[in-house]
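**Q** Given next are the chains, with one letter for each unit.
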Amino acid sequence: MFEDLFNVVKKRFNDGEEEYKPPMFKCPRCQGTSPLSRYEELHRVCPLCGYHGRLSAAERIQITVDKDSFCELDKDMVSGDPLSFPEYPEKQQELREVTGLNDAVITGTAAIKGSKTVIGVMDSRYMMGSMGSVVGEKITRAFEYATENHLPVIMFTASGGARMQEGIVSLMQMAKTSGAVKLHSDAGGLYIAVMTDPTTGGVTASFASLGDIIIAEPKVLIGFAGRRVIESTIRQRLPEDFQLAEFMHEHGFVDMITDRKKMRSTLSHLLKLHGYAAEDKEV
Amino acid sequence: MENRKTAWERLQLVHTKGRPTVRDLIPQIFTDFYEMHGDRAFGDDKAIIGGIARLGGTPVTIVAEVKGRDIDENKACNFAMPHPEGYRKALRLAKQAEKFRRPLICFIDTPGAFCGVAAEERGQGEAIARNIAEFMTLRTPIISIVLGEGGSGGALALGVCDELAMLENAEYSVLSPRGFASILWKDASREQEASEIMKITAEDMVALGVAETIIEEPLGGAHNDLDKISENIKEYLSQKIPEKCKKDIDVLLKERYTKFRKIGEFTE
Ligand SMILES: [Zn+2]
Chain D
1 MFEDLFNVVK
11 KRFNDGEEEY
21 KPPMFKCPRC
31 QGTSPLSRYE
41 ELHRVCPLCG
51 YHGRLSAAER
61 IQITVDKDSF
71 CELDKDMVSG
81 DPLSFPEYPE
91 KQQELREVTG
101 LNDAVITGTA
111 AIKGSKTVIG
121 VMDSRYMMGS
131 MGSVVGEKIT
141 RAFEYATENH
151 LPVIMFTASG
161 GARMQEGIVS
171 LMQMAKTSGA
181 VKLHSDAGGL
191 YIAVMTDPTT
201 GGVTASFASL
211 GDIIIAEPKV
221 LIGFAGRRVI
231 ESTIRQRLPE
241 DFQLAEFMHE
251 HGFVDMITDR
261 KKMRSTLSHL
271 LKLHGYAAED
281 KEV
Chain S
1 MENRKTAWER
11 LQLVHTKGRP
21 TVRDLIPQIF
31 TDFYEMHGDR
41 AFGDDKAIIG
51 GIARLGGTPV
61 TIVAEVKGRD
71 IDENKACNFA
81 MPHPEGYRKA
91 LRLAKQAEKF
101 RRPLICFIDT
111 PGAFCGVAAE
121 ERGQGEAIAR
131 NIAEFMTLRT
141 PIISIVLGEG
151 GSGGALALGV
161 CDELAMLENA
171 EYSVLSPRGF
181 ASILWKDASR
191 EQEASEIMKI
201 TAEDMVALGV
211 AETIIEEPLG
221 GAHNDLDKIS
231 ENIKEYLSQK
241 IPEKCKKDID
251 VLLKERYTKF
261 RKIGEFTE
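Top to bottom, those sequences are chains D and S. Residue numbering for the first sequence follows my numbering, beginning at 1 and increasing consecutively. Residue numbering for the second sequence follows my numbering, beginning at 1 and increasing consecutively.
Check before you lean on any hint, since a few could be wrong.
Here are the simulated BS3-like cross-link-like pairs (lysine-lysine), alpha carbons at most 30 Å apart as the crow flies [unchecked claim]:
no., chain 1, residue 1, chain 2, residue 2
1, S, Lys-234, S, Lys-46
2, D, Lys-75, S, Lys-262
3, D, Lys-75, S, Lys-254
4, D, Lys-26, S, Lys-186
5, S, Lys-99, S, Lys-240
Rather than coming from a laboratory, the hints here were simulated on the basis of the structure.
Generate coordinates for the entire structure from the input sequences, incorporating the hints supplied.
**A** Below you can see the structure in the form of C-alpha cells.
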C-alpha cells in the first residue's frame, strides 16, 4: 500500500562501489524528486511545488488536535458484506492488519487550541478511502453526536468515492451522511470540510461538498468524475491543473486553500469566530 | 408476479428501442403539464425536465431525467446525463413544490451524471450533494420512480424520497456494470458477470431497503404496451400520493430520514 503513496527511489550501485543515496520522494504533481527525509520533515509537503501529500488518519489527528484530547467514537465498527462479494471480507481482514485501521475513517471528539469539536479523518490507505457501510455510518453518527451535543464538525476528506464491493448500499451512504449534515446544519451547527488528497466521486458528491466552510490543501485532487473517464469521453488530454484544489477554488467550490502548517491555527480561529470558545479545563 | 429474468436480460430490456421515456409517459399519466425551464443561474439542461401538472385532480411537481427516443433527441438531452444546472433546476422546482405544497414526483432514468470538463467546472459534485441534502428535509411528499437506468449519484440526486418504486425491469446501481468490471477487474468485457454480482434489480432494491415497490411491466417489457405501463404507474401514484399527503409532515420527514439512515451492514 505504501508504494502507492510515495515512490521511493531505491539505492543503486555505482561501478561496484556502493555510493549512499538517500531515499527520495517523487512528487506526483511536479514529478520532481527530493530527499524523502525533507518531505517527511515538512509533514509530507513537496519542497519543490507545495503539493500536500497523503497522511494517515493518526498522523493527521496528531498534527491537528490538542495533545491527548482525541477521544475516538465507534472504534470497533467493522463492515459486513451486503453483496456477499467475492473476497471482500478477506481483503478487509488483510487491510486491517496492514493499516491497523478498521475502515477508511476515524471519528471522535477532540479539542483544537481548547475548542471542543467533533472530528472525522479519512485514510486513503484503506481501500482508497472509499465509502461503504462503516464510513457512512461513522460519519452519520459523528454528525448526529455533534447535533445532540451542540458541537461543530471538522471533516478531513480523502476518498476515491464509492466502495464498489458494497454496490448500491455504498451509494445510499451518500444520502445517509448528507442527511445527517443537513440536520446538523439546520440545528445551527458549524461544519468545516477540509479536502485532502484525493477527494473524489461519491464523497465529493455528498458530505465533502456540504461544508459551511470548505478548505482545501494545496495541489490536492478534488473532483466528481475521474480524470481518465473524462479524457476518454472527450478524447483529449486534460490540462495539468484540472481538478486540483486551485482549479476548484477558481471555480468557486472551495473557500480557501490552506497550508498544512497553518491548518491547526486556521481551524482554531474559525471555531472561535463561530463562538466555540476554548473550554477552561480547570473548572 | 415473479420476474425470472436475470439482471443481464433486464439490462437488455431497459436498452430496448421503444422503451417508454418520460416524454411518452407524462401525457398518459398527467394532465395540464406545463414545462418549466432553467436553473436561474446558468442555463436549461435538457437532460432533466420539470414542470407542474395534475395527477387526477391534484396539482403535482414533476422532475424527470429524459432519455431520447432517437439519435436527435438523445443528442439534445445528452443521453440523459445531466450537468449541474440540471440538478439545480430540479432543486429549484422542488423548492417551488414545497412552497406551494405540491407533492414532488421524480422519474429517474440516467446512465449517470455527465462526466466532462464543463460539469466539473460548474460543480457536479456540489450540485448532487446539495440536492441529496435538500431533498432530505423538503417539506412536501416525494415519490421517486426508476424507469430504466438508475445510474449512481446522477440518479440519487433525484432519489431521496419518501418512497422509491422500481419498474419491474429497471436497475439501480452504484456504477454501470461495465464501469464496475473495468474498475474492479480491469476488464470491461466482464460486464455481464458484474451485472449478476452487483445486485441491481428491482427485487434486490426491495430486499436491501432501497425501494419499497415494484411496478409491474406488461408481458415482455414496458415497450410492449405504453397504455398498460402508464396505467400501472398512474395507479401506483394515485394510491401513494394521497397516502403521503395525509401524513403529518414532521412524521414524514422523520420516516424519510430513517429510510436511508438504516441502510448499511456492519458489526461493532
Ligand atoms: Zn511537487
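**Q** Given the hinted pair Lys-234/S and Lys-46/S, is their Cα-Cα distance within 30 Å?
**A** Distance ~24 Å between Lys-234/S and Lys-46/S Cα, so the pair holds.
**Q** Regarding the pair Lys-75/D and Lys-262/S, is the alpha-carbon distance no greater than 30 Å?
**A** 19 Å, holds
**Q** Given the hint that Lys-99/S pairs with Lys-240/S, test it: the Cα-Cα distance must not exceed 30 Å.
**A** Judged against 30 Å, a Cα distance of about 21 Å means the pair holds.
**Q** Does Lys-186/S lie within 30 Å of Lys-26/D when you go C-alpha to C-alpha?
**A** 26 Å, holds
**Q** For the pair we were handed, Lys-75/D and Lys-254/S, check the Cα-Cα distance against 30 Å.
**A** 27 Å, holds
When each numbered hint is compared with the structure, no violation occurs for any of them.
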